[in-house]
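Asker: Now for the letters of each chain:
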Amino acid sequence: MGYDKRVDGRKPDELRPIVAKAGVIKRADGSAMFQIGNTVAYAAVYGPRDMFPRFLQNPQRGTLRVRYNMMPFSGAGDRVKPGGSRRSKEISMVTEKALLPVLNLEDFPNAVVDVFIELPQTDAGTRCAGICAASIALADAGLSMKDMVSSVSVGKVGSMIAVDLNYAEESYEEGDVADIPVAFIPRTGHVSLLQMDGLIDKESLKRALEMGRKACARIYEIQKKALKERFASSVEVNSTDGNNK
Amino acid sequence: MGELLVQDKSIVVPGEEVAAGMDFLPTEGVYRDGDKLVASRLGLLAVDGRLVKLIPLAGKYLPKRGDVIIGKVIDVAISGWRVEINSAYTAMLSMKDATSEFIARGADLTRYFTFGDYLVTSIVNVTSQNLVDLSMKGPGLRKLPEGRIITVAPNKVPRIIGKQGSMVSMIKDATGCKIIVGQNGIVWLQGEPGQELIAVAALRKIESESHISGLTDRIKAFLDEEARKLQIGQSPIAHSASGGIVPQR
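Chains as they are written, first to last, in my numbering: chain A, 1 to 245; chain B, 246 to 494.
Bear in mind the hints are in silico, worked out from the structure with no lab data behind them.
Since the structure is predicted, the reported quantities are computational estimates derived from the model, not experimental observations.
Be aware that a few hints might be false.
What the hints assert, rightly or not - No more than 30 angstroms apart at the CA atoms, straight line, and that leaves these computed lysine-lysine pairs for DSS-like:
hint, chain 1, residue 1, chain 2, residue 2
1, A, 21, B, 401
2, B, 382, B, 401
3, B, 317, A, 26
4, A, 214, A, 11
5, A, 228, B, 450
6, B, 298, A, 225
One chain only, chain A, in its complex shape (with noise of 0.2 angstroms):
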């Protein structure tokens, strides 16, 4: 028998419930919450600012610093050592790496802007929830950006392809997984993140990335909601009494 249900009942290409908020973190320069199904994600972006140990500055143009970091006590409560691991430096690079192609650090050099994502519960799609917290936060922090990005996770469990894989999917063993992060930029449709685990066929993964694209999509107008929904009681900044000397 295959799996060709979903265990929370979800059609394959439903996302989980997404809810996605701007400046929760007070003190930061930019900050987001975004949460999908049980996986919640905070990112606080601290900067531009004066980047030490000098010898990493670039004075070319500035940098983007992330931290990826899951709390001890979020996913199952396994014994988690706190800090960094192997697992997270790396996802802390693809994070880096998703979010660099729509940042315009060309007029901060020798700066450093500070992206520190913490996952309090987890169940999942980690590292795309964080990419999604940490492009609301980066445009909350009002930094120069080409577009925002938007990720969410695809792949195969069994027999089905489907969008936002739980825990309990990407660890399926009746069968074959694949678990694929991705990540788009909506506007021009590029993509930013590409990683795999598993085993997936040509075709399997050309619908996969395709339902993927789908759900980026309606991923990024929540995260524009969620900016807009933050300064919704600005809008009238300009037309009252206001000019700007």
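For chain A, the structure is supplied; the task is to place chain B on it using the hints.
Answerer: Frame of chain A, contents of chain B only:
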């Protein structure tokens, strides 16, 4: 033919297409991609004739030549002072721009400005590498005496100052505090302790309510109310005052 894809004065996010066609010209915060104009940051769309720009809603202070700002001395170097200006970069105040006095070779620079001093200073130059040069030569530029320093969002500074300084003058008159607002969002106040708190609360109120119309009237009402409370001996600060003296950002 050019057409706007988003309404004027609405909030746009990075990557949002704001106009189509070659009739519109991209300026601050907008870039052209093919025949589309695309927002490159979070802001309010402002269309002025053919020019399309974004008014930022968030972001750090960007140093501009001629701005009068408040900075904090964080380092004393061989020939000048390094100053923190609430921006991505620190600024440099060189000896020759600091004072018209003669400073002998090897003199102790901390005699003029030392660590932790706050200065009202103006930006004389911003280089392509974002090196910011400061000067203390000009009317009103000086070291600040003791007082209270708060930081506000740099994009709210024009609102705090008001038209021809009307808003800040109103707070000064009502509270009797001396107030200096730096373009970089650092504000210095000095006055009676109780009055200082009222002034800070008023500034926080402007910061959080600047988008609601009738701001001037509301701030005036707030100041009157606080003054009345002070007179009848109540606790000078209304705890409902938004933000109060809790530091933000």
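Asker: For every hint, state whether the structure bears it out.
Answerer: Checked hints:
1. As the CA atoms of residue 21 of chain A and residue 401 of chain B are separated by approximately 22 angstroms, the hinted pair is consistent with the 30 angstroms bound.
2. Taking the CA atoms of residue 382 of chain B and residue 401 of chain B, the gap is about 27 angstroms. The hint holds against a cut of 30 angstroms.
3. Distance restraint check for residue 317 of chain B and residue 26 of chain A: the Cα-Cα separation of roughly 23 angstroms lies within the 30 angstroms cut-off, and the hinted pair is therefore satisfied.
4. Between residue 214 of chain A and residue 11 of chain A the alpha-carbon distance is near 14 angstroms, which keeps this suggested pair within the 30 angstroms criterion.
5. Pair hint residue 228 of chain A plus residue 450 of chain B holds up; C-alpha atoms about 22 angstroms apart against a cutoff of 30 angstroms.
6. Restraint check: the Cα-Cα separation between residue 298 of chain B and residue 225 of chain A comes to about 21 angstroms, which is no more than 30 angstroms; the hinted pair holds.
Consistency with the previously given hints is maintained throughout, with no hint failing.
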